[in-house]
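Residue-level listing of the chains:
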Amino acid sequence: GAVVSQHPSRVICKSGTSVKIECRSLDFQATTMFWYRQFPKKSLMLMATSNEGSKATYEQGVEKDKFLINHASLTLSTLTVTSAHPEDSSFYICSARDLRTSDHEQFFGPGTRLTVL
Amino acid sequence: SQKIEQNSEALNIQEGKTATLTCNYTNYSPAYLQWYRQDPGRGPVFLLLIRENEKEKRKERLKVTFDTTLKQSLFHITASQPADSATYLCATSSGGSYIPTFGRGTSLIVHP
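One line per chain: the protein sequences are A and B, in this order.
Going by the numbering used here, the first sequence opens with residue 63, and the numbers climb by one from there.
Going by the numbering used here, the second sequence opens with residue 621, and the numbers climb by one from there.
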């Protein structure tokens, strides 16, 4: 099956620093990647959709200057949380699809737990 | 916009029994409905997808039904095992938009 990795799995940083999270599709080409955040016992909240080689589309209420997304290749997308604050602490999950072949299922990464002190 | 409703209360069942989880959607009939499993601190794992023109789909011990009249999908795990304990998420997507809408998930606890 399709495998998506995320790195790092866990990060603790000081308030004001920037954190980069990588999402890679290991055995398929991801034309589209999604970034979600999830609070405890809550549903996945879609933050943005990124297509390879083009700018990300952000959901309403998500600051694009705060959460920088780059999808430079068919196997890698990055999310950078700039000037992180404690309220940015959350579980960030990426998912990937190959729109040319997949049947609407998404393949998720294992998630990144961000804690901002 | 689409709203997905899943029972927020945990479902507790005995090992060997069949677990049945419910997913209701409120607005338009989705072209696709998907079920995912999520373990604590992990990303969701895709389980099954069913299309709007399909009534039922099976995969090993899993069965999904899709009733567009009731606007509901049922997810069954037969011969449940403690290892099936997890949160199960329902998601819908339309044919025009490939972006799914997720429910909050229902926690399943299978007792030995």
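No lab work stands behind these hints, which were simulated from the structure alone.
Think of the CB as a built atom: it goes at the ideal place given N, C-alpha and C, for glycine as much as any other residue.
Take these hints with a grain of salt, some might be off.
For lysine-lysine, the following DSS-like pairs were computed, each having C-alpha atoms within a straight-line distance of at most 25 Å [claimed, not checked]:
| no. | chain 1 | residue 1 | chain 2 | residue 2 |
| --- | --- | --- | --- | --- |
| 1 | A | Lys128 | A | Lys104 |
| 2 | B | Lys691 | A | Lys104 |
| 3 | B | Lys677 | B | Lys637 |
| 4 | A | Lys117 | A | Lys103 |
| 5 | B | Lys683 | B | Lys637 |
| 6 | A | Lys126 | A | Lys76 |
| 7 | A | Lys103 | B | Lys675 |
| 8 | B | Lys637 | B | Lys679 |
| 9 | B | Lys623 | A | Lys104 |
Below, a sample of chain A positions facing chain B; criterion: calculated Cβ distance under 10 Å [as the list claims (entries may be wrong)]:
| no. | residue |
| --- | --- |
| 10 | Pro70 |
| 11 | Ser71 |
| 12 | Phe96 |
| 13 | Tyr98 |
| 14 | Lys104 |
| 15 | Leu106 |
| 16 | Leu108 |
| 17 | Ser116 |
| 18 | Ile155 |
| 19 | Cys156 |
| 20 | Ser157 |
| 21 | Glu167 |
| 22 | Phe170 |
Evaluated hints:
1. With a C-alpha separation of about 22 Å, the suggested pair Lys128 (chain A) and Lys104 (chain A) falls inside the 25 Å cut-off, and the hint holds.
2. Proposed proximity of Lys691 (chain B) and Lys104 (chain A) is supported: the alpha carbons are some 22 Å apart, at most 25 Å.
3. With a C-alpha separation of about 20 Å, the suggested pairing of Lys677 (chain B) with Lys637 (chain B) holds against the 25 Å cut-off.
4. Restraint check for Lys117 (chain A) and Lys103 (chain A): the C-alpha separation of about 31 Å exceeds 25 Å, so the hint is violated.
5. Between Lys683 (chain B) and Lys637 (chain B) the CA atoms are separated by roughly 14 Å; this keeps the pair inside 25 Å, and the hint holds.
6. For a cut-off of 25 Å, the pair hint linking Lys126 (chain A) to Lys76 (chain A) stands: about 21 Å separates their Cα positions.
7. Taking the CA atoms of Lys103 (chain A) and Lys675 (chain B), the gap is near 30 Å; set against the 25 Å cutoff, the hint is violated.
8. Between the alpha carbons of Lys637 (chain B) and Lys679 (chain B) the distance comes to roughly 17 Å, so the proposed pair stays at or under 25 Å and holds.
9. The suggested pairing of Lys623 (chain B) with Lys104 (chain A) holds, with an alpha-carbon distance near 14 Å, which does not exceed 25 Å.
10. Restraint check, Pro70 (chain A) versus chain B: the minimum CB separation of about 14 Å is more than 10 Å; hint violated.
11. At its closest, the beta carbon of Ser71 (chain A) sits 9 Å from a beta carbon of chain B; the interface hint therefore holds under the 10 Å criterion.
12. With a least beta-carbon distance of about 7 Å to chain B, the hint placing Phe96 (chain A) at the interface is held under the 10 Å criterion.
13. About 8 Å separates the beta-carbon of Tyr98 (chain A) from the nearest beta-carbon of chain B, less than 10 Å, and the hint is met.
14. At a threshold of 10 Å, the smallest CB-CB gap from Lys104 (chain A) to chain B is about 6 Å, leaving the interface hint in force.
15. Taking 10 Å as the C-beta cut-off, the interface hint given for Leu106 (chain A) holds, the closest approach to chain B being about 5 Å.
16. Restraint check, Leu108 (chain A) versus chain B: the minimum CB separation of about 7 Å is within 10 Å; hint holds.
17. Hint status for Ser116 (chain A) relative to chain B: violated, with the closest Cβ pair at about 15 Å, above 10 Å.
18. Hint status for Ile155 (chain A) relative to chain B: holds, with the closest Cβ pair at about 5 Å, below 10 Å.
19. With a least beta-carbon distance of about 8 Å to chain B, the hint placing Cys156 (chain A) at the interface is held under the 10 Å criterion.
20. Look at Ser157 (chain A): its Cβ gets to within about 7 Å of chain B, closer than 10 Å, so that hint holds up.
21. Taking 10 Å as the C-beta contact cut-off toward chain B, the hint placing Glu167 (chain A) at the interface holds, the least distance being around 5 Å.
22. Evaluation of the Phe170 (chain A) hint against chain B yields a held restraint, the C-beta minimum of about 4 Å falling below 10 Å.
When held up to the earlier numbered hints, the structure conflicts with 4, 7, 10, 17 and fits the remainder.
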